[in-house]
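Engineer: Sequence:
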Amino acid sequence: MHEYSERPRRADEHPSHRPLPPGCFRVQRPIRFSHSDPAGIVYFPVYFDMFNGAVEDWFTQGLDIDYASMILERRIGLPIVHADCDFLIPSRMGETLTLGVLLERLGRSSLQLRINGEHDGQVRLSGSLTLVTTSLDNFAAVPIPDDIRVAMERYQAGCAL
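Following full-length UniProt numbering, the numbering of the sequence shown begins with 1 at its first residue and continues without gaps.
Worth flagging that the hints you see were computed from the coordinates, not collected in a lab.
Remember, predicted model here, so these are calculated numbers, not experimental data.
There's no promise every hint is true.
Said to hold, decoys possible - The calculated label-pair distances, taken between Cβ atoms and stated as ranges, are:
(1) Q122 - G53: 28 to 36 angstroms
(2) F139 - T96: 20 to 28 angstroms
(3) P143 - E95: 37 to 45 angstroms
(4) R32 - R149: 22 to 30 angstroms
(5) R18 - D49: 18 to 26 angstroms
(6) E95 - N138: 16 to 24 angstroms
(7) E153 - D120: 27 to 35 angstroms
(8) Y43 - Q122: 27 to 35 angstroms
(9) R108 - I71: 28 to 36 angstroms
Note that CB positions come from ideal geometry on N, CA and C, so glycine has one too.
Could you put together the complete structure from these sequences and hints?
Structural biologist: Written out as structure tokens, the structure is:
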């Protein structure tokens, strides 16, 4: 079941529903048949898989920190501990969605990301993810490593509103 309001929302109704600043990392995702429900629109859980892929790409391409090495060699995980999403406008098979990543908050061991999905300059959905840096050896929260923190701070400054 899709949760879209009956009336179109204006982008300025909520700050998270506005397009992200130009300096933010963006990646394009084609909407495929496998993403769609029988009505031809994206089945909402698929967006969370897309969000996770955008986070991986953001680390590797946007922060220049190899995500696979961080997980497999450094044994640092980033589980999502909270997620929410506003579904504003349906996306359909055959369209291309641009996912942008905004680092909203950087804590000692956690970070909050805003991930917007845009098409033709319109925000289609806006999600918020809270991730916690975790040791994959004992699954305890650990401070964000210095090199990752520096890369995130640099990114945050370049993506400032």
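Engineer: Now look at each hint and say whether the structure bears it out.
Structural biologist: For each hint, the structure was consulted:
With their beta carbons about 21 angstroms apart, Q122 and G53 fall outside the hinted range of 28 to 36 angstroms. Distance hint for F139 and T96: a CB-CB separation of about 37 angstroms, inconsistent with the stated range 20 to 28 angstroms. Between P143 and E95, the C-beta spacing of about 40 angstroms keeps the proposed range 37 to 45 angstroms intact. A hinted range of 22 to 30 angstroms is violated for the C-beta pair R32 and R149, which are about 36 angstroms apart.
Separation of R18 from D49 is about 24 angstroms and conforms to the stated range, judged on CB atoms against 18 to 26 angstroms. Taking 16 to 24 angstroms as the suggested C-beta distance range, the pair E95 and N138 does not conform, at roughly 43 angstroms. The beta-carbon spacing between E153 and D120, approximately 32 angstroms, falls within the hinted interval of 27 to 35 angstroms. A hinted range of 27 to 35 angstroms is violated for the C-beta pair Y43 and Q122, which are about 20 angstroms apart.
Our hint of 28 to 36 angstroms for R108 and I71 is violated, since their Cβ atoms are close to 20 angstroms apart.
Comparing the model with each numbered hint stated earlier shows that hints 1, 2, 4, 6, 8, 9 do not hold.
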